[in-house]
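S.K.: If you're matching them up, the sequences are chains R and V in order. Residues 1 to 119 (the numbering used here) make up the first sequence, in order. Residues 1 to 357 (the numbering used here) make up the second sequence, in order.
One or more hints might be untrue.
Straight-line distance between alpha carbons at most 35 Å, and here's what the computed DSBU-like set of lysine-lysine pairs gives [said to hold, decoys possible]:
#1 R:21 / V:63
#2 R:100 / R:21
#3 R:28 / V:57
#4 V:19 / R:21
#5 V:57 / R:100
#6 V:63 / R:28
#7 V:63 / V:19
#8 R:100 / R:28
#9 R:21 / V:57
#10 V:19 / V:57
#11 R:100 / V:63
Honestly, the hints are just simulated from the structure, not real lab data. Just so it is clear, the structure is predicted and the values come from calculations on it, not from any experiment.
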Amino acid sequence: MPEPQWHTVATTAELPAGGRKLVSIEGKSIGLFNVHGEIVAVLDVCPHELAPVCRGRVSGTTLPSAPGEYCWGREGEILACPWHGWEFDLTTGRCLVDEKLRLRRYPVEVVGDEVRVAL
Amino acid sequence: MAAQPFIVDSDIHNVVAGKSIQHRLAEPHRSRFASGNRGPGHLGYWNPNGVMRADTKLPDGRKIENQPETLVEHVLEPYGISYGILNPGGMGLGLCPDADYANALLAAENAAIAEEWLTVDRRLKGSILVNPNDPEAAAAEIHRWGDHPDFVQVLLPSGARMGYGQRYFNPIYAAACDHGLPVAIHPGTEGVGLSGAPTAAGYPSTYFEWHTDLAGSYLAHLVSLVAEGTFQRFPALRFILVEGGVSWLPPILWRLDKNWKALRLSTPWLERPPSETVCEHVFLTTQPIEEPPRREQLHQLLAMFPAERMLLFSSDFPHWDGDTPDFAARQLPEALRARVLGQSAAELYGLPGVVHA
Chain R
1 MPEPQWHTVA
11 TTAELPAGGR
21 KLVSIEGKSI
31 GLFNVHGEIV
41 AVLDVCPHEL
51 APVCRGRVSG
61 TTLPSAPGEY
71 CWGREGEILA
81 CPWHGWEFDL
91 TTGRCLVDEK
101 LRLRRYPVEV
111 VGDEVRVAL
Chain V
1 MAAQPFIVDS
11 DIHNVVAGKS
21 IQHRLAEPHR
31 SRFASGNRGP
41 GHLGYWNPNG
51 VMRADTKLPD
61 GRKIENQPET
71 LVEHVLEPYG
81 ISYGILNPGG
91 MGLGLCPDAD
101 YANALLAAEN
111 AAIAEEWLTV
121 DRRLKGSILV
131 NPNDPEAAAA
141 EIHRWGDHPD
151 FVQVLLPSGA
161 RMGYGQRYFN
171 PIYAAACDHG
181 LPVAIHPGTE
191 GVGLSGAPTA
201 AGYPSTYFEW
211 HTDLAGSYLA
221 HLVSLVAEGT
231 FQRFPALRFI
241 LVEGGVSWLP
251 PILWRLDKNW
261 KALRLSTPWL
271 ERPPSETVCE
281 HVFLTTQPIE
291 EPPRREQLHQ
301 LLAMFPAERM
311 LLFSSDFPHW
321 DGDTPDFAAR
331 QLPEALRARV
341 LGQSAAELYG
351 LPGVVHA
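Take the sequences, apply the hints, and build the full model.
M.R.: In C-alpha cells form, the structure reads like this:
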C-alpha cells in the first residue's frame, strides 16, 4: 500500500460550523463538512445506488421514540442522500437504516488555516 | 338619541402569520410546515426528502427535468438510454371535479408536449394525457393525437373512482386500440380529488404508509380489468402498470386462477385461467424495484411470471425513489437484462432499434 498523500483542498474560512464544500481529489468527488467544529471528508458516492450523496440535506433527525412521539436530535450530524433519502451519520459514516453500509471517510487534518485530506 | 347598542360579532377572520406558527413548532413538524407540505395532490402527505430529487439543478440554475435538451444530455446520454417515455406531471388532472377545466388543461399539456418536447429530440416519446372521468372527451383526445408518431401510449392516473375494468372506461380503450396504443396507469393520485380513498381501510397517516400502500391500488385495477372481461372486449389492448411494484404479482395470479376455478360461473367470458390473459396483455415497470435481503429472492419472484415479456425498465427520474439503469440491471438475472432494459419496451411501443437523434 502506498502511503496516503495529503492534499490541501480548502481553507477553514470556507468551512464554518455547519458548512460544506465539494472538492475533487485525484479524480474523486469528495464532500467536506464542518460538523460541530470537526471537519469530516466523505466520498461523494452513496453505497446504495451510487448517487452523489454529498449534495443532500444536512440536518438532524428523529431519534427513536414511542409511537406518536417525536424526538428531534443530532442536528447538523445527519446527511440525507438526495436520491432516496437514506440517512448517514456524518460523525461515523454509518447509514442509519443499515449498519453494514457506511460512507467512505478520509482522514482530515487542519494545519493553520488549511484543510488537508489524506487519500 | 338611542343608546349605542351592545354588539358581539361572532365571526371575524383574522390571519395569523405563518412565521408566528412555524417557530412555535418542534421538529420534524417545523420543517414540514416550512416546506409548504406539498404532498400528493395536497393531501398533506409529507415526504421529508421532497418528492423530487434534490440534485437536478444545473450550474446555470435550470433543472434537468424542465427542458427536453437537458433531459437528453443529463439522463439519456450518460446512461446510454435510447428512448425515454415522458410521463409528465399533470397526468392526474382528470381527478378534478370540473371535467371541462380538466379537459382543457389536459389538451393544452398534450399540445405543449407535442410542440415543445417531441419536436426537439425523437428519443423522447410522449404519453397522451386524458381524463378518465370523461371517457368520451378522453377518446376524442386520443383520436386527436393517436396517429402522431411520437405519442406512444395513453396515460391515466391510478387514483380512480372505480376499477379500470369497469365498462364506463370502454371508450378510452376503444380509442387506444384504434391507434394501436397501449394504456398505462401511474401512481401518485390515490386519495386525490374524485378518486376513492387511498386504501380499502381509508386514509393512511403518513407518506410512508400511503406510498407503501400504492400496490393495493394496482392490485384492484388489475383484478378489475381481468374480471370485467376488458381484455375479451378489447383483444388488442395492452395495459401497463407503471411504478406499481412487481413482487405482489405472482401470488395475485395464483389467487385469480384458484378463485376462477370455483367462481368461473359468474364471469363466463373468462374461458381460460385468468393468469394467462394477464401475461398476454399486461406489462409492469421495474421501479421502484423491490430490494429483498438477498438478491436471489427477487430472482425467484421474477421466475414466477413471464418477466422476460412483461417487465419493462423504468427510472422514474427525477423522483425520490428512482432507479438508474445500471442499478436496475444489477438486480436482474443476466438472462433477463436485455429484455427488461429495452427489448420488451421496443416491441411494445414499436420503437426501432437504431436511433438517430
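S.K.: All hints, please: hold or fail.
M.R.: These are the hints, each one checked on the structure:
no. : hint         : verdict
1   : R:21 / V:63  : 21 Å, holds
2   : R:100 / R:21 : 27 Å, holds
3   : R:28 / V:57  : 21 Å, holds
4   : V:19 / R:21  : 30 Å, holds
5   : V:57 / R:100 : 31 Å, holds
6   : V:63 / R:28  : 24 Å, holds
7   : V:63 / V:19  : 29 Å, holds
8   : R:100 / R:28 : 23 Å, holds
9   : R:21 / V:57  : 17 Å, holds
10  : V:19 / V:57  : 28 Å, holds
11  : R:100 / V:63 : 34 Å, holds
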